[in-house]
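Novice: Sequence order for the protein chains is Z and Y.
Everything in the first sequence is counted per the working numbering, starting at 159 for the first residue and increasing by one.
Everything in the second sequence is counted per the working numbering, starting at 165 for the first residue and increasing by one.
Note that these hints are calculated values from the structure, not bench results.
Mixed in with the good hints there might be a few duds.
[Unchecked claim] Now the in silico label distances, taken between C-beta atoms and shown as ranges:
| # | chain 1 | residue 1 | chain 2 | residue 2 | range |
| --- | --- | --- | --- | --- | --- |
| 1 | Y | V210 | Z | L272 | 35 to 43 Å |
| 2 | Z | K255 | Y | E177 | 16 to 24 Å |
| 3 | Y | N212 | Z | Q203 | 28 to 36 Å |
| 4 | Z | G273 | Y | K199 | 40 to 48 Å |
| 5 | Y | D225 | Z | E205 | 35 to 43 Å |
| 6 | Z | Q233 | Y | Q172 | 15 to 23 Å |
| 7 | Z | E225 | Y | E174 | 14 to 22 Å |
[To be verified] Cross-link-like lysine-lysine pairs, in silico, BS3-like; alpha carbons within 25 Å at most:
| # | chain 1 | residue 1 | chain 2 | residue 2 |
| --- | --- | --- | --- | --- |
| 8 | Y | K224 | Y | K189 |
| 9 | Y | K171 | Z | K255 |
| 10 | Y | K199 | Y | K171 |
| 11 | Y | K171 | Z | K210 |
| 12 | Y | K224 | Y | K211 |
| 13 | Y | K171 | Y | K211 |
| 14 | Y | K199 | Y | K211 |
| 15 | Z | K210 | Y | K224 |
| 16 | Y | K237 | Z | K255 |
| 17 | Y | K171 | Y | K237 |
| 18 | Z | K255 | Y | K224 |
[To be verified] Chain Z stretches covered by chain Y per the calculated footprint, using a threshold of three residues with CB under 8 Å from any CB of chain Y:
| # | segment |
| --- | --- |
| 19 | 225–233 |
| 20 | 258–265 |
Every residue, glycine too, gets a C-beta built ideally from N, C-alpha and C.
Listed here are the chains, written in short residue letters.
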Amino acid sequence: MNNQNGISEQNEVVTPVGVENNSFQSSDAVTTPHDLSKIQELVNQLESKIQKINNGDVEEKPSFNMERVYQNSVQNGTMNQTVSGEMYVGKNPTLAKFVEETRTAILPALKNQLGMGEVSFSDSKNQSIPSLELTTPISLGEPKEVSPAPVGISSPPLKPESIFDEDEVIGEESVSQQAESTYPERSKVA
Amino acid sequence: MINNSIKQLENNETYAVIDTIPDDKGTYIYLTNIKDSEDLCVRKQVKNEAETILVGLDDKDEVDYALHLLIQKNLEA
Numbered sequence: 159m160n161n162q163n164g165i166s167e168q169n170e171v172v173t174p175v176g177v178e179n180n181s182f183q184s185s186d187a188v189t190t191p192h193d194l195s196k197i198q199e200l201v202n203q204l205e206s207k208i209q210k211i212n213n214g215d216v217e218e219k220p221s222f223n224m225e226r227v228y229q230n231s232v233q234n235g236t237m238n239q240t241v242s243g244e245m246y247v248g249k250n251p252t253l254a255k256f257v258e259e260t261r262t263a264i265l266p267a268l269k270n271q272l273g274m275g276e277v278s279f280s281d282s283k284n285q286s287i288p289s290l291e292l293t294t295p296i297s298l299g300e301p302k303e304v305s306p307a308p309v310g311i312s313s314p315p316l317k318p319e320s321i322f323d324e325d326e327v328i329g330e331e332s333v334s335q336q337a338e339s340t341y342p343e344r345s346k347v348a
Numbered sequence: 165m166i167n168n169s170i171k172q173l174e175n176n177e178t179y180a181v182i183d184t185i186p187d188d189k190g191t192y193i194y195l196t197n198i199k200d201s202e203d204l205c206v207r208k209q210v211k212n213e214a215e216t217i218l219v220g221l222d223d224k225d226e227v228d229y230a231l232h233l234l235i236q237k238n239l240e241a
């Protein structure tokens with residue numbers, strides 16, 4: 159329903175909210191009542207920040223003070239807040255760009271601060287592997303025979319075909335060749 | 165709390181939500197001060213009996229955990 163000025167009623171708004179040069183994309187872009195001038199002020203601040211980033215005035219990879227992050231994030235001193243107090247600005251391109259650029263900028267710094275360096279997170283799960291690197295030589299004793307499985311294990315024996323494909327038999331040759339080539343060295347050490 | 169939203173925290177500073185990650189412990193909300201992108205904080209969105217609220221994290225370990233989730237998510241993206 160329209161009023162005398164042709165403006166839709168609040169529950170029927172279909173036109174973009176009129177923030178000049180930063181118009182929102184859809185009627186659901188703003189879900190809570192608020193002062194548009196405040197949003198415009200925020201948008202201006204974001205644009206200023208982006209402009210600084212583009213001009214190289216802002217350090218690309220900020221150095222985080224993790225104590226500050228901890229202090230801001232932990233329960234102590236943090237007041238519980240209702241989520242309903244948020245302002246959703248939807249598809250506003252300026253905010254979207256700010257969020258994207260900020261996220262891109264902080265991730266390397268966070269990785270560095272958390273000691274993850276250039277290692278990807280998936281690699282960090284295998285960090286126990288490098289610790290197996292030996293810095294001191296060890297003496298190789300006599301090769302131990304692989305003992306059979308203890309009696310009393312109720313689980314069924316493994317089926318070889320469930321682990322190895324027949325096509326992978328070639329791998330056994332390489333293993334045996336490697337064993338032959340390394341065994342004399344073991345004898346020297348022993 | 166959703167992406168592309170802005171929230172004023174208890175210190176009267178305005179923060180933009182840069183990411184949200186649901187987890188067993190709750191949904192982690194990552195916010196940066198729009199005036200200072202080095203001012204990062206993590207909150208947890210939990211559902212109370214009547215409303216959804218933002219709470220602080222339990223300790224530094226949980227903050228580290230949440231930050232790892234953020235890095236992991238964006239590396240996989």
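Novice: Now look at each hint and say whether the structure bears it out.
Specialist: Cross-check of the supplied hints:
Taking the beta carbon of each, V210 of chain Y and L272 of chain Z are about 24 Å apart, not inside 35 to 43 Å as hinted. For K255 of chain Z and E177 of chain Y, the hinted distance range of 16 to 24 Å is satisfied, since their beta carbons lie about 20 Å from each other. Distance hint check for N212 of chain Y and Q203 of chain Z: the Cβ-Cβ separation is about 32 Å, which falls inside the suggested range of 28 to 36 Å. Under the hint 40 to 48 Å, the C-beta atoms of G273 of chain Z and K199 of chain Y, about 28 Å apart, miss the expected range.
Evaluation of the 35 to 43 Å hint for D225 of chain Y and E205 of chain Z yields a pass: the beta carbon distance comes to about 38 Å. In this structure the hint that Q233 of chain Z and Q172 of chain Y lie 15 to 23 Å apart at CB holds, the actual value being about 19 Å. In this structure the hint that E225 of chain Z and E174 of chain Y lie 14 to 22 Å apart at CB holds, the actual value being about 19 Å. With a C-alpha separation of about 15 Å, the suggested pairing of K224 of chain Y with K189 of chain Y holds against the 25 Å cut-off.
Straight-line distance between C-alpha atoms of K171 of chain Y and K255 of chain Z comes to about 17 Å, which keeps the hinted pair within the 25 Å bound. Straight-line distance between C-alpha atoms of K199 of chain Y and K171 of chain Y comes to about 13 Å, which keeps the hinted pair within the 25 Å bound. The suggested pairing of K171 of chain Y with K210 of chain Z holds, with an alpha-carbon distance near 23 Å, which does not exceed 25 Å. Between K224 of chain Y and K211 of chain Y the alpha-carbon distance is near 22 Å, which keeps this suggested pair within the 25 Å criterion.
A hinted pair counts as satisfied when its Cα atoms are at most 25 Å apart, and K171 of chain Y with K211 of chain Y qualifies at roughly 18 Å. Of the supplied pair hints, the one linking K199 of chain Y and K211 of chain Y is violated, its CA atoms being roughly 29 Å apart against a limit of 25 Å. Restraint check: the Cα-Cα separation between K210 of chain Z and K224 of chain Y comes to about 32 Å, which exceeds 25 Å; the hinted pair is violated. For the suggested pair K237 of chain Y and K255 of chain Z, the alpha carbons sit about 19 Å apart, so the restraint of at most 25 Å is met.
For the given pair, K171 of chain Y sits about 23 Å from K237 of chain Y by alpha-carbon distance, which is consistent with the 25 Å threshold. With a C-alpha separation of about 30 Å, the suggested pairing of K255 of chain Z with K224 of chain Y is violated against the 25 Å cut-off. Look at the segment 225–233 of chain Z against chain Y: 7 of its residues bring a Cβ nearer than 8 Å to a Cβ of that chain, three or more, so the hint holds. Given a C-beta distance limit of less than 8 Å, the hint that chain Y covers the segment 258–265 of chain Z holds, as 5 residues qualify and 3 suffice.
The structure shown violates the earlier hints numbered 1, 4, 14, 15, 18.
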